[in-house]
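2 protein chains.
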Amino acid sequence: MAEERELDRYVRDNRSRYEAMLGEMVEVPSISMDPVHAGDNRRMATLAVEFLKDLGAEADVVETKGNPVVTGGWTAGRQYPTVTVYNHLDVQPAQEPEWRHPPFTFRNEDGVYRGRGATDDKGPALTALLAGRYAADRGTRLNIRFVWELEEEIGSPNFPEALASNRMPTPDSVVVSDTIWVAKGRPAMPAGLRGLVAATLSLRTGEVGAHSGVTGGAARNPLAELCALVHACVDAHGGRVKIPGFYDDVVPTTKAEMDGFARSGFTVNRFKRAHQFRSLRTSSTRDVMRRIWAAPTFEVHGLVGGYTGPGVKTVIPAWGELKISMRLVPNQRPEHICRLLKRFIKAQNPDVTVELEGMLEPFRGIQCGPYADAASEAMRAGFGKAPVFTREGGSIGAVSVMARAWKVPILFMGLSLPEHGYHAPNEYFDWGQASGGMRAFAAYFEKLANMGRP
Amino acid sequence: MAEERELDRYVRDNRSRYEAMLGEMVEVPSISMDPVHAGDNRRMATLAVEFLKDLGAEADVVETKGNPVVTGGWTAGRQYPTVTVYNHLDVQPAQEPEWRHPPFTFRNEDGVYRGRGATDDKGPALTALLAGRYAADRGTRLNIRFVWELEEEIGSPNFPEALASNRMPTPDSVVVSDTIWVAKGRPAMPAGLRGLVAATLSLRTGEVGAHSGVTGGAARNPLAELCALVHACVDAHGGRVKIPGFYDDVVPTTKAEMDGFARSGFTVNRFKRAHQFRSLRTSSTRDVMRRIWAAPTFEVHGLVGGYTGPGVKTVIPAWGELKISMRLVPNQRPEHICRLLKRFIKAQNPDVTVELEGMLEPFRGIQCGPYADAASEAMRAGFGKAPVFTREGGSIGAVSVMARAWKVPILFMGLSLPEHGYHAPNEYFDWGQASGGMRAFAAYFEKLANMGRP
Numbered sequence: 030m031a032e033e034r035e036l037d038r039y040v041r042d043n044r045s046r047y048e049a050m051l052g053e054m055v056e057v058p059s060i061s062m063d064p065v066h067a068g069d070n071r072r073m074a075t076l077a078v079e080f081l082k083d084l085g086a087e088a089d090v091v092e093t094k095g096n097p098v099v100t101g102g103w104t105a106g107r108q109y110p111t112v113t114v115y116n117h118l119d120v121q122p123a124q125e126p127e128w129r130h131p132p133f134t135f136r137n138e139d140g141v142y143r144g145r146g147a148t149d150d151k152g153p154a155l156t157a158l159l160a161g162r163y164a165a166d167r168g169t170r171l172n173i174r175f176v177w178e179l180e181e182e183i184g185s186p187n188f189p190e191a192l193a194s195n196r197m198p199t200p201d202s203v204v205v206s207d208t209i210w211v212a213k214g215r216p217a218m219p220a221g222l223r224g225l226v227a228a229t230l231s232l233r234t235g236e237v238g239a240h241s242g243v244t245g246g247a248a249r250n251p252l253a254e255l256c257a258l259v260h261a262c263v264d265a266h267g268g269r270v271k272i273p274g275f276y277d278d279v280v281p282t283t284k285a286e287m288d289g290f291a292r293s294g295f296t297v298n299r300f301k302r303a304h305q306f307r308s309l310r311t312s313s314t315r316d317v318m319r320r321i322w323a324a325p326t327f328e329v330h331g332l333v334g335g336y337t338g339p340g341v342k343t344v345i346p347a348w349g350e351l352k353i354s355m356r357l358v359p360n361q362r363p364e365h366i367c368r369l370l371k372r373f374i375k376a377q378n379p380d381v382t383v384e385l386e387g388m389l390e391p392f393r394g395i396q397c398g399p400y401a402d403a404a405s406e407a408m409r410a411g412f413g414k415a416p417v418f419t420r421e422g423g424s425i426g427a428v429s430v431m432a433r434a435w436k437v438p439i440l441f442m443g444l445s446l447p448e449h450g451y452h453a454p455n456e457y458f459d460w461g462q463a464s465g466g467m468r469a470f471a472a473y474f475e476k477l478a479n480m481g482r483p
Numbered sequence: 030m031a032e033e034r035e036l037d038r039y040v041r042d043n044r045s046r047y048e049a050m051l052g053e054m055v056e057v058p059s060i061s062m063d064p065v066h067a068g069d070n071r072r073m074a075t076l077a078v079e080f081l082k083d084l085g086a087e088a089d090v091v092e093t094k095g096n097p098v099v100t101g102g103w104t105a106g107r108q109y110p111t112v113t114v115y116n117h118l119d120v121q122p123a124q125e126p127e128w129r130h131p132p133f134t135f136r137n138e139d140g141v142y143r144g145r146g147a148t149d150d151k152g153p154a155l156t157a158l159l160a161g162r163y164a165a166d167r168g169t170r171l172n173i174r175f176v177w178e179l180e181e182e183i184g185s186p187n188f189p190e191a192l193a194s195n196r197m198p199t200p201d202s203v204v205v206s207d208t209i210w211v212a213k214g215r216p217a218m219p220a221g222l223r224g225l226v227a228a229t230l231s232l233r234t235g236e237v238g239a240h241s242g243v244t245g246g247a248a249r250n251p252l253a254e255l256c257a258l259v260h261a262c263v264d265a266h267g268g269r270v271k272i273p274g275f276y277d278d279v280v281p282t283t284k285a286e287m288d289g290f291a292r293s294g295f296t297v298n299r300f301k302r303a304h305q306f307r308s309l310r311t312s313s314t315r316d317v318m319r320r321i322w323a324a325p326t327f328e329v330h331g332l333v334g335g336y337t338g339p340g341v342k343t344v345i346p347a348w349g350e351l352k353i354s355m356r357l358v359p360n361q362r363p364e365h366i367c368r369l370l371k372r373f374i375k376a377q378n379p380d381v382t383v384e385l386e387g388m389l390e391p392f393r394g395i396q397c398g399p400y401a402d403a404a405s406e407a408m409r410a411g412f413g414k415a416p417v418f419t420r421e422g423g424s425i426g427a428v429s430v431m432a433r434a435w436k437v438p439i440l441f442m443g444l445s446l447p448e449h450g451y452h453a454p455n456e457y458f459d460w461g462q463a464s465g466g467m468r469a470f471a472a473y474f475e476k477l478a479n480m481g482r483p
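Sequences listed follow chains A and B, in order. Residue numbers for the first sequence follow my numbering, so the first one is 30 and each next one is one higher. Residue numbers for the second sequence follow my numbering, so the first one is 30 and each next one is one higher.
If you are wondering where the hints come from, they were derived from the structure by calculation, not from laboratory data. Treat the hints with care, since some could be wrong.
Heads up, the list lumps identical chains together, so a pair's fine if it works in one copy or across two of them.
[Stated by the list, open to error] In silico DSSO-like cross-links for lysine-lysine, where the CA-CA straight-line distance does not exceed 27 angstroms:
hint	residue 1	residue 2
1	Lys-271	Lys-375
2	Lys-301	Lys-375
3	Lys-82	Lys-375
4	Lys-476	Lys-436
5	Lys-375	Lys-213
6	Lys-301	Lys-213
7	Lys-301	Lys-414
8	Lys-414	Lys-476
9	Lys-301	Lys-284
10	Lys-213	Lys-414
11	Lys-94	Lys-82
12	Lys-213	Lys-476
So that you can see chain A by itself, here it is in the shape it has in the complex (with noise of 0.2 angstroms):
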């Protein structure tokens, strides 16, 4: 009861620096898609061993062909088992009209913190950084390595690099702090990613514009083929993708899972609410929760090219690039999902050039054992409720790269809500998140310490 009560003032001692150090991060527009931020991420970086140093721990950058990656933490000796947290500080980029306020300006609203990257993935990433210093603080027997990426969001193309170089050497465990739950007040620990192929489809058909008065009927529309291309890969209504051989190696969904799911909390309404959605392809629970972790998808993100000002420019344009992406589950491989949409592709129409963007493979994690039963419960130590097992419909490269690299036990410890806005405009954390997710750590840190070297 003391030590609870201890650790309950530290959170609370802590918030303001917690807000103070969330602020600068969300400040610095570490948008590692976009080449023009380059020396932001590089900020960033600098910004965060400044912050590991001020804490008391080790910092270190690990330098890479792209974005560096950040590692340190804290030594307790090598007697002692290593849990490795992973979190990332790059973010999505942010021109989505429909920002309400500057997505770069930090905004504490009373414990509603706004600005792009809050909740993916710089809040989390400090909450376990300050838990992790109240476990070194109190001379917990475990050692607490950081890795924060700065390439999640565009696939970790650098992160078997990083990991190559030996400088973060193999830990006991893994915990991901970057994924969310289902419901806010009912913890989700995923037990499965998605995974990715992304993907640009361009098709050139002349060098400039041409009237379609005076040309059209006999000059070829690259948007319109585009768009059949679209209508052959994927059923728009109903979202089962066309692709000959696409699903031959989706693993069905088990009994015991949808059980698991049907006990997470989902419910549609308020999916639809969470991410203000109008309409869904369906409304059955059941099928959602299938869709969106269990099921592989094809999506359309963009199509350049044409014009796209006010009112109807009556041109045809020379080009079009369409912009694509497929979630993947177990055990469709990503390259062989490559193979089959560039020979697909190259039958429906051999004009369009094929240019992959990310590839990231499906992950399926573990549900039970001593460390998922460690997470569990410093969970519901963390947030007075034991978390449920469920799958997480997103894609988080590292994962696979680290599952590979280390073959260690890797547990996943999300700390946002769906309304928080991940990926999308207006995104926020917020205290009760990370307040919780600090006492969840802290409790963590302790019962990995308690079971040992394996």
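Chain A is already provided as a structure; the job is to place chain B on it using the hints.
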């Protein structure tokens, strides 16, 4: 012979004046599609009035709810016939990345006149104006009226209002100079225009963009649904429109018309080169001519919504807007085609909103009789070669308006060449077409005067 030499000298002596006037006009970005440029269209009207007065003509500005119409000319007397020369001084937008020089900075490269609007339609307007002054100075017994519109590129929405004002009295005939030859050195006079229906089709499925990992599969994808709608409306590869009833009122081309087309000098290779196409929907000469002059179309001009920056941002947008148009041929009626489109879209996807952006009727002109003969002989006088009758694939909304209001013969004496880049980047006009055009218009005015009042 003496007369011809006099005209030649006039044309030569007025070259630098012509170039100076065209330069001033091109440098006014009179883009009618973008309301931001309303002031530039006003400036364009003021400049046009100035030019008319500088040449000793009457000049007047007819106000409308939108951009004004400039009118003016030379009056010979009520006992003489009246011709109205129609041109427009508004231009297409010019934001294409392919522009090799600033579109609203005039460049005169030794008789090649570069800039947006040079060929469509400021160059031809000034050509006819200088020919008018030549005729007036020589005491030609003809009333020559100019009508310069500033909303042609947006379908002439306020032109009926301007005509209804009776400030532009009914002439005995109209000549329109806003069309394109089939090939350089081979004058062409269209005897038909395609009509147009332009529309935006928009679909909103949510309020903000959604994370494709977190929601993908259950979330509707408005871009994919709009692509499916395109596929439902048109065979993108063959070009056939699939909206039921679309072709019902199309008048098939006669053998005589097709034979006329065949004499026009049209070749598929020149067409491809002029418009810089890599390939076309068909390689047959007859089929290309039929498609661009005598068949209706369905085009996609742009798809707004989603991510269009570098890479792929895996967000599912909440909204998308498709910009489409259909070119129509006699006897398709725009209102009827709109009804068919709306009914079809409602059946395909009831959540899609259709916003009409413009409607123009197709037009069937004259190919024989005294006016056609006079115009034909004038073109031969100007360019040394008799013109052929073709059709024009483009649409000029003002033509149907004048046909309905005035019920007098409307002839087409266009001066533009395919390579001039109508509506395309790097638009230009040239002295060869301008000087030939001045000679042709001067000859036409002379012939109209000789014909007397009908």
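### Alpha-carbon proximity context of Lys-414 and Lys-476, limit 27 angstroms
Within one copy only: 17 angstroms inside a chain, 95 angstroms across chains, cut-off 27 angstroms.
### Query
How do Lys-271 and Lys-375 come out at 27 angstroms by Cα distance, when the copy is not named: within, between, both, or neither?
both (15 angstroms within a copy, 25 angstroms between copies)
### Message
Within a copy, between copies, both or neither: which one fits Lys-301 and Lys-284 at a CA-CA cutoff of 27 angstroms?
### Response
within (25 angstroms within a copy, 60 angstroms between copies)
### Task
First find the shortest C-alpha distance between Lys-213 and Lys-476 inside one copy, then the shortest across copies, and answer within, between, both or neither for a cut-off of 27 angstroms.
within (25 angstroms within a copy, 85 angstroms between copies)
### Query
Under a CA distance limit of 27 angstroms, which applies to Lys-213 and Lys-414: within one copy, between copies, both, or neither?
within (11 angstroms within a copy, 81 angstroms between copies)
### Query
How would you label the pair Lys-301, Lys-213 (within, between, both, or neither) given a Cα cut-off of 27 angstroms?
Intra 14 angstroms, inter 60 angstroms, cutoff 27 angstroms: intra-copy only.
### Within, between, both or neither: Lys-375, Lys-213 at alpha-carbon 27 angstroms
Neither: 45 angstroms inside a copy, 39 angstroms across copies.
### Query
How would you label the pair Lys-476, Lys-436 (within, between, both, or neither) given a Cα cut-off of 27 angstroms?
Within one copy only: 21 angstroms inside, 93 angstroms across.
### Message
My question is about Lys-82 and Lys-375: at a cut-off of 27 angstroms on alpha-carbon distance, are they close within one copy, between copies, both, or neither?
### Response
neither (53 angstroms within a copy, 62 angstroms between copies)
### Task
First find the shortest C-alpha distance between Lys-301 and Lys-414 inside one copy, then the shortest across copies, and answer within, between, both or neither for a cut-off of 27 angstroms.
Intra 24 angstroms, inter 69 angstroms, cutoff 27 angstroms: intra-copy only.
### Task
Measure nothing new, just compare the shortest in-copy and cross-copy C-alpha distances for Lys-301 and Lys-375 to 27 angstroms and report within, between, both or neither.
between (37 angstroms within a copy, 24 angstroms between copies)
### Query
How would you label the pair Lys-94, Lys-82 (within, between, both, or neither) given a Cα cut-off of 27 angstroms?
For Lys-94 and Lys-82, the Cα distance is within 27 angstroms only inside one copy (25 angstroms; across copies 67 angstroms).
Violated hints for the displayed structure, listed by number in ascending order: 3, 5.
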